[in-house]
Each structure stands twice: as structure tokens, then as C-alpha cells.
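2 protein chains.
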Amino acid sequence: MEGNKLTSVDLKHIEIQDSFWGKYINLVDEVILPFQWELINDRVEGAEKSYCIRNFRIAAGKETGEHKGMVFQDTDAAKWLEAVAYSLNKNRNSRLEEAADQTIDLIAEAQCEDGYLNTYYTITGNQRWSNLFEGHELYTAGHMIEAAVAYYQATGKRKFLDVVCKLADYICQVFGPEEGKIHGYPGHPEVELALVKLYRITGNNNYLCLADYFVRTRGERPCYFLNEDCIKNGNYIFPEFKDFDLDYNQSHMPLSEQMTAEGHGVRAVYLYSAMADLAYEYQDEDLLRQCETLWDNIVNKRMYITGSIGSASYGERFTGDYDLPNDTNYSESCATVGLAMFSNRMFHLTRDGKYMDIVEKALYNTLLSGIAMDGKHFFYVNPLEMVPETVKKNPTYRHVKTTRQLWFGVACCPPNIARTLASLGNYIYAVDEHTIYVNLFIQSSIDCQLSGRNVNVRQESNYPESGKVTLFVKPQEEGSEFTLAIRIPTYCKEAVLRINGKEESPQPEKGYVHIRRLWKKEEEVVIELKVPFRYVRSNPRVRHNIGRISLMKGPVVYCLEEADNGDYLSTAVIDTRIEPKEEFDHQLLKGTLCARIKGARIDYGKTGSSLYEAERPVYKEAEFKAVPYSSWNNRGEGEMIVWMREKD
Amino acid sequence: MEGNKLTSVDLKHIEIQDSFWGKYINLVDEVILPFQWELINDRVEGAEKSYCIRNFRIAAGKETGEHKGMVFQDTDAAKWLEAVAYSLNKNRNSRLEEAADQTIDLIAEAQCEDGYLNTYYTITGNQRWSNLFEGHELYTAGHMIEAAVAYYQATGKRKFLDVVCKLADYICQVFGPEEGKIHGYPGHPEVELALVKLYRITGNNNYLCLADYFVRTRGERPCYFLNEDCIKNGNYIFPEFKDFDLDYNQSHMPLSEQMTAEGHGVRAVYLYSAMADLAYEYQDEDLLRQCETLWDNIVNKRMYITGSIGSASYGERFTGDYDLPNDTNYSESCATVGLAMFSNRMFHLTRDGKYMDIVEKALYNTLLSGIAMDGKHFFYVNPLEMVPETVKKNPTYRHVKTTRQLWFGVACCPPNIARTLASLGNYIYAVDEHTIYVNLFIQSSIDCQLSGRNVNVRQESNYPESGKVTLFVKPQEEGSEFTLAIRIPTYCKEAVLRINGKEESPQPEKGYVHIRRLWKKEEEVVIELKVPFRYVRSNPRVRHNIGRISLMKGPVVYCLEEADNGDYLSTAVIDTRIEPKEEFDHQLLKGTLCARIKGARIDYGKTGSSLYEAERPVYKEAEFKAVPYSSWNNRGEGEMIVWMREKD
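In the order they appear, the protein sequences are chains A and B.
Each residue of the first sequence is one higher than the last, beginning at 1 in the numbering used here.
Each residue of the second sequence is one higher than the last, beginning at 1 in the numbering used here.
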């Protein structure tokens, strides 16, 4: 790995004004954060109650009552605060900031004298750390830490940071290799990556060491969970957990031996994200290689084309290589967020564009399919094929919802989506001392320091509708030498580069064109990526997709919806020898680029009422309209299909 | 309905000597019953313990200990005894009869003074009838009654019959519409049809009335289960039951309003069987029509081509119309037994051959796929498509086994299969005063009374390998007038009839050719059914089967197995324009009629290690060998597929 890893630029210095992403990003400030504030305060009629703020009030002694909601209910507030922080970076919305400050005050009051912070255990009086497998105390702490770091970075206010430092200091006293400490680790990884963040902002090496301890102890034999925890005691919080194997939470073998992505999807990618962080901090090449192996296994064998993971609902987990059912899958929104986090970290360490391909895929497809265009409804589970009638009547699909829901009892996904949208800038650009990487083609502007000088880069883009991206590079001082690295996605087979109007032949390395030069006062770099609609086929080992194709443009996966094409979408057959036709539908969902594709409908003619007497079918010519998968289900309940039959 | 319904002939008078069925029927006496006797006595190494006989010994005070196994563990013994009884009809195997008598003595000792008989409640001391939803007391009683009736019919010994009459008398005191009695009904239907059997053999009308009460009270509002039972108390035996709706056990609405088959498959068809019985006993045309409606719904919208039912594992239940996934389904062996029972009863009432089509489909396919050809291994769940690697790694399939298992903790299927095989004669023939119906083409001989005279009919058949069936009709006295009715299956589009060598044109009515005449001393009737291999397509509303075909010969469904065709069976494409070629494989599983079919393999060429970069596939010519679905998985673990892709 490179000794100097890439970093993100402070979100304060990035402004996004993109036609595609604008539909969603503006929702964060305008709808999602205010709405989620109401939700965690239980003020939204028709939504499941969160009890989150109420739990803090009880723990703080300002109200009486029992803890309600999940054991990790506190994280609703933490993820909301983290998203608020990212949002405040660009706009110090005083109403939001006041609400956040007030919440932070409450959290501080709910913190115990010794630093412990968790309303479930505080209110119930259950023994702290007695059930690491399920109790989510460290997971919750991790989200608190992430939120506090973000809030400090956005506002400069230390109060929340002080709270989580006190919490982290306490956790450092409780856990670790030393005698007398608990030799366990979290049932749900999350605190590991949070502790690295806290270390990076505070410089306190204890936090880094503890993260490292948690990661390296995981899965060691004898297994902590079997010997000391709920599995031994048989006192389960979640009854279904007693049927889960240790691979559910990646503790089935020492991490250093884990070469395939196993178990619960979110747990896995949060853990791998921390591993990537530690690989850098300790300059540990072995750990980096292991991250690469795990990432390869996910991306080349266990990931949906939409950038989602988790082929099974039971355990919300990875299953086996090439096992990617399109309708019974889990594909949790949060797992996609985690995959983007992990991939972004791997990019920062390796500067290899293949990681950014996956970040882009995850963000453009499953992240957005998780949220409705009204900003108030969310999918947990993101199937690639849906027949609502079946989903409602067949309990094999009981984890699937046929429309996005207002809120969930387990409310991880909505705030996770919100914080990712609010921090999108972290994915668009990355920098080191002398280079700025343009990763995503999202219209925006960034101010950063390159070779010690202030530089502004403005990106004009209407991607992926158009593949033309213009970068206006403005160093504060003429003649600054630095590198502009522009990503050429793997799916883009042809690109034209023009610097100040002069065509150059791009020579991408690891997915990036590097333009190193002395930059004048303002220069214009244009990259024209050829991103036509294209048909994509699966590796034939994915049996569910044999004989099927999907349609993509750039990173965007398309699908057929009942609203455009009627029902029985399984009878649609696409003739991939005919080019898809682009069609911009101004009426559709604030303006959407659609595709008209040709093929046939399988027609069995009159089949009567019998089940097994159909005649040989005929193929009746038909045209279909495809829309981005991310925008599906914004027009009511209906069928949807990503992997369509291909005409022989 | 006809006032005089058809009946079965005493199994003593039917002898079966069929090449296809012989492989299985002979297993009953030689392997299954002795083996199951060892199993219920916990003497088989490597098998899950049954505890069944042990529980009876404890309840009888001959041993001390706790009840082990399921609440309905007693039914292991009951179903074993019932199968033994059918077996003793044709062969008074003294070792089996002694074991049976000994078991019956034990059961009698385990019965309480007041007639109550159930080792679970007796041993645990839990309150009788406190949990009808889950407790299975009436279900268990039903199996005891069925066994006792069969044993009495086979041996003439009254002891077991007396035990169950005492039990039934006691149940009649406890349940019923009168004040002071429990106004509930079984969580698992079964006792209803058993009580009708007991009524028919004893003439005690109380039993019929109680069966009728149970059926007609079911689903009435307010619902008994919500108001008086475990749902109200919240004390569940099976934790998952708390998530089940009332339709799980058909108590979601009054039975008279139920027009679609809902809920747990076995419960449903046992209940409908009792409804058919009651329709006859009370000559209730409305009830008969409702049975027809429910049967139509199953057969035309919710049944697999293999005669199995239950599209979802969760709840082992029906889902919606045309929802027939081939790999995540439940398709329990017991549900198929129940469907055959229900269909046979409907045939007895209506004399319509369409019911016998389904009996035949159920018996030739799923009944037999439930049992290995060694007679010792069983499938509970019968998928129509299996990829073992996926099944093992993806918990969506955790209900599926990749090979048949020695025995199950819930051991309903093995003895249910055994009793059905042992009573196969009940399905082959049916009679009324003047007619004998030849329903199934299984080589056998029957002695019966027709028009008051003894008649022997001998059937020579090698069906469905050959469609030629010869019936030798021998009345005891020349010149007896009666009708020989021979079934022409719906799938048979052409048949030739010859009476004593003279060709006649068959005029089937409701699926039967009726030959009414004065029969001489011995006459020969030949029916030649044309039953070539044929390709079958699903109604296109079955989305999982669109673009797919299956292969059948007569009632027998064929499949591709990995043992013959290699793996990746999803890439097999069948050219249905080419006729399948018959091939009798003498080496295969005691001799098996196979089919050679032609088509192609989808070949994506070199696809590299990536998931989504495959080229347009080519279709490489290929030949496949298909074997009967019933015989699959007798050569080790491997892929299997029933619904194959059809070449355009």
C-alpha cells in the first residue's frame, strides 16, 4: 500500500449541484432530517414508534418508564446526529443545530458517571457486557463515536466529542488483553471503525489499540461467545439467534483465516472496513491482502448487480459463491452502505479504480432504491424481482415489503441512507498532498490544498445521461504543480480526453487518467466517457440469471416496472440484437432517462383453467420501457424485474 | 352425489404383483415395518431417537422418566400399527403381529381410567385440552382410531378397537355443542375422518355427530383459539406458532365460507377428506360442492405437477394461486398422502375419473419420491429442483435435505408413506353393488361381490411402460350381469378397447369406459392406452415455469439428475420438436424406463472470474437422460430439475 493514503476533503469545502443526485441530496435537509427528528421523538402519526429520545430522557432521569424499542435503539439518535453533522458542514441550519445540541445535552445527561452510555442497559439494569453476542452495546457506542466525530468536525463543538471520549476511555478500561479485562469483542462490528476515527481526530493511541484488539481477537479459539456469553448462558434477547452459527457474526475462525465473506452482511462489511483502516494504520500488508481477498470474494462471487449483498433473509447474510436469487434475497440497504464504506477505504489505500466502480454501483442503485423520492419511505430489503401478489401470500417472502415503509422498528436503514447522502462528497473526491482524484461524475465544486496551494476544481456533469464531464481547474496561484486524476470506469470502453480543447490520448492506470502538470490560472479538462445503454449478462454459475440479461447505463441498473409494462413481467423477452433507445421522460419522477427496448411477450394463448395443459407458446413482438432500478416503486405497488429473459 | 357411494374392497381380497410398484410394496413387509419397529423402540444407531414406545411404557407405569419427543409422538406407533394392519391383510406375518399385539397391550395400559389416551399429557401432567391449537391430542386420537379400525379389519381382534371406542366415548363427553362441554375443535384436523371410520365400523352415531360438530364449528366466530386457547394464554408449545394466522389451520372463517385451500397443507387435506365423508353421510350436496370447489382450487391453481402441495416452508402451507416455486417449496410427503385420500373420497362420491387422475399423480410421483429404494430413508420435503451446494449454504432452503434421511424428529412422513403403500389396493379398485372400477393400472388380482356373486378380476399390466392392460374377468357363475368400469386417464388421448379379441370403440363417461354385460365364465378385456412420453407446459401464470417444460409418461413425471447429466442443469435446454427416445435401463435402480431427450447446453464460453461480464451465450447441442422423479436421489447427492428450459 502507499504510505500516504488518500483522504477525503472536509465536506465544508465541497458543494454539490447535480441534476441526478440533487433529487435526493436536497431531501436530506428539507425532508429526511426534520422528518427523522420527528420520528425519533415519536411525533409522526402512522409510523412505528421509535422511543429513542424517550429512552434517553428516562436514562437521564427526566422521565420515568421502561426502555422500549430494540437494544440498539440509541443508534437512531446517533445516526441522525451524524447525518445532521454532515449537513451542517455545508449549511448551518440553526433549527437542526439547536435540535442536535439539545439531543447531545440529553445524551450527556444519560451518560453514567463512569462513562458508560447505553439507555437499554442503564434503564433495565441488566448486567453490562453480559451478552456481547446480541447486546449491541459496543455497536451502539460505535455509532455514538462516529456521530460525535462528525459533529465536532462540522461545528467545532467539543461537548459530544468529550462524551464519547469518556465512553471510549471507559471501554478501554473494560476490554483488552490485560488480565482482569473482558477478552471479548462486539457481536456486531462497528465500534472498531469508529475507534479508528476517534483515534485519528484525538491522536489517542488507546483507541487504535482497542480497535486492533477487537479485530484481531475475533474468532480466536476458544470462542468468547461460546465460553462466556449468551450462547453459554442460553439467555437470548433474539430467540432466532440460538439457531445461528458463529459465522453469522464472523467469529467462526480467527479473522486472519477468513478468506470468504460470510454471515450477516452489515456485520461483515463494517468489520472489513475496520480491517482496512487498521491495515493502513499499522502498515500491515498481510491485513491489506486479506481485505483484498474478502472484497474480491464479495464483488466477484456474492454481490448483486445493484451493488447489494446478502442472498438470504434468514440471518440477513451471505450464502455461497454465485448464489444470487433475485426475489428471496435480503440485500439490505445498510449492507450496501457498508460495502461502499469498505470499498472507499480500499480505494484510499490502493488508489485502484476498481474499488470506486463498486462504490459507484452501490450508491447509484441500492442506496437510492432504499429511499422513496418523497424522502419519507424506505426499503430495508431490496429485491431484484418482485411480484407483489406472491410476496403478500407466500411467507417465504415475509421479509420483503411491496412498498417502502414509513419507518421501521429496527431503524438502521433510513438514517444510514441519510448519513451517506449527506456525506456524498467523501466519495466524489479524494486527495493526497499532490493529487486530487475525481472519482464520481457528480456536478460539484471542491476547494482543497494541493502541493501546499489552494485549488478549486469545478465539475460540470450530467452523468450518466451524458458521458461528458468538464473539470475547471483553478489554482489560487498560477503555475502550481499537481496531479488531476480522473476515473475511467471499468464499464467504459472508450474515452476521449481534451485539455484546454486539445485532444490527448488517455492512458489510464488502475482506472485513472493522471494529468500532472503546472496548472495555469484556469484550465479546462474534458473527459468524454462513452456510456451507452448496454446489456449485461451474468457469469453462468449464477443459475438464477441463466438465459437472462440486465440493462445498464454507466453504473445505473435499469428494470422493468408494471407501471410502464403491465404485469406478468416474467413473460417479457428482450431482443438484445436491437439497440435500446434513449428516452428522457420529463414527466416521470422529476425527469428520468428511460430506455425503450424491443423483444416479445411469451404468449401461451388460451390455456383454459388447467395448470398443466398449456400449448407451445408463441412470441408476440413487444416493446418495453425500462427505468432506473433506483427509482422503482415510486408509483405504487407493482411488479418489477431486473434480470429479463434474453431472446436466443 | 350418488346415493350409494363406492367403497374399497377389503385388502385381504386384493393381491398386487406389479413390476413398478413391486419395488416399493415389497419393502413394506421386508424392510419398512421391521425397521420402523426398531426405530420406535430406539434401537437404530445413527437415527434420531423416537422415544415413542418408551413414552408409552412410562405412561403405563412400567418405566420412569420424562416424556420425550414431540407432543404427537404417540402417532409414530399408531401409524406403524395401521400400516402393520394393512400388511397383515395379505400376510399374517406372525412376528409383526406379535409386535403389534404387544404394542396394543402397552397402549391399553397407558390409557387412563376415563378413556383418555395421550402419553405427553399423561406424563407431563399438563392440563388436557388446554391447548387445542398446538397440543395435537385430538390429532393423536385420530391416528389411534384409524389404526385400531384397520387392525380390527385385518385381524378381527377387538382389543385395540375397544381401547379407541373408550377413548372416543370419552372425547364425545368432553366436546360438543352442549353446555358444559368444550366448544372447540382440533388444531390439526385428523380425528374427524377417523371418527367417521369408527362410526362406519361400529355404527355408533355419536362418533359421526362429533366429527360433524368438529367440522362445522371450525372457524366460527368468535374463534375458539383466540378466546379460549393458547393464543389467548400466550403459552406456546411451538414458538413459531405465535406468528401464524388462523388460516394456518383453516380456522380463519367458517368452513362453509372457505372457497380456497389455505394454510398448512396436511391439515387442509385431512380436513377436506372428513368434509367429503360427511357430505356422503349426511347426503349434503352443499358440502360436496364445497369439497369440489376446494379440490378444484388445489388441483387447478396450487398443486405441483408431481402431485405435491405446499408452496412455502414457513407454515408448510399453501400460498396463492399459481405460486409454485420449484426449489423453496415444501411439498410434504404427508400432504400428498392427504391429497390422495381426499381425491379418492371425492371419486367414491362422484365416480368422476378426474379425481383418480390426481390420486395417480400423487402416488406415482411424490409418494414415492418420499422414500428411498432401500426403504430406510425418507424425504419430508420434495422440491422439484435441487442444487445441493445452494441448499447447504443458503438458509432460505434450511427445510430442504439434499439426501433422504434415516428418520425424523417429527416422524409423520415415513409411516404415512408406509401405510399408503400397504393399502395401495384401496386405490386400485372400487366397487358398488353392480360395478367394479379399475382405477389404476397396477398388476393385481381382486375378489369381490358384484350383483351378489363372487367375481375375480385379474389385471395384467406393465403400466406406464406399456399402455396395454389386460383384464381377465371371472365370475363365479356364468351369466352374471355387472359392469366393469375402466379408467381412461385425462392425459391419454387415444385408447383401443378389445373384448375377447373384438375391437370396440370406447365411449368414456367421466373418465371411465363402462362395460355392462352378462359375463361368461372367463372373459378377456384389453384396453390399450396410448401413453407416449409427452412434454407438458405450465399455465403461464406460474411464473417460475415460463419458458420451461417437463417430461411425462402417463402419470410419471421425469427429471434430469446430475448422475446422468452432470451439474449446472439450469443450462440444459430441451428441444421439444424432437421426440424423446425410450430406453429401458436394466442396471438402473432395479430396472428403470428412461428417456433420451435432445437439446442444448447454454454455454457462455470463457467468462473469466468476473460476475457480470459474460458474453452472449452459444447453444451447444447436447443429449440428456431423464429418469422418473420418484426415483431421484437414489444415487447420492446431486442436482435435479423437473422444469427444464424449452428451446424457442
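Simulated from the structure, these hints should not be mistaken for lab results.
A few of these clues could be false.
Heads up, the list lumps identical chains together, so a pair's fine if it works in one copy or across two of them.
Taking lysine to aspartate or glutamate pairs in the EDC-like style, the calculated list, with each CA pair at most 16 angstroms apart, reads [said to hold, decoys possible]:
| # | residue 1 | residue 2 |
| --- | --- | --- |
| 1 | K393 | D321 |
| 2 | K521 | E615 |
| 3 | K392 | E48 |
| 4 | K647 | D603 |
| 5 | K232 | E528 |
| 6 | K647 | E113 |
Hint check:
| no. | hint | result |
| --- | --- | --- |
| 1 | K393 with D321 | between (29 angstroms within a copy, 9 angstroms between copies) |
| 2 | K521 with E615 | neither (72 angstroms within a copy, 47 angstroms between copies) |
| 3 | K392 with E48 | neither (20 angstroms within a copy, 36 angstroms between copies) |
| 4 | K647 with D603 | both (14 angstroms within a copy, 15 angstroms between copies) |
| 5 | K232 with E528 | neither (60 angstroms within a copy, 68 angstroms between copies) |
| 6 | K647 with E113 | neither (68 angstroms within a copy, 72 angstroms between copies) |
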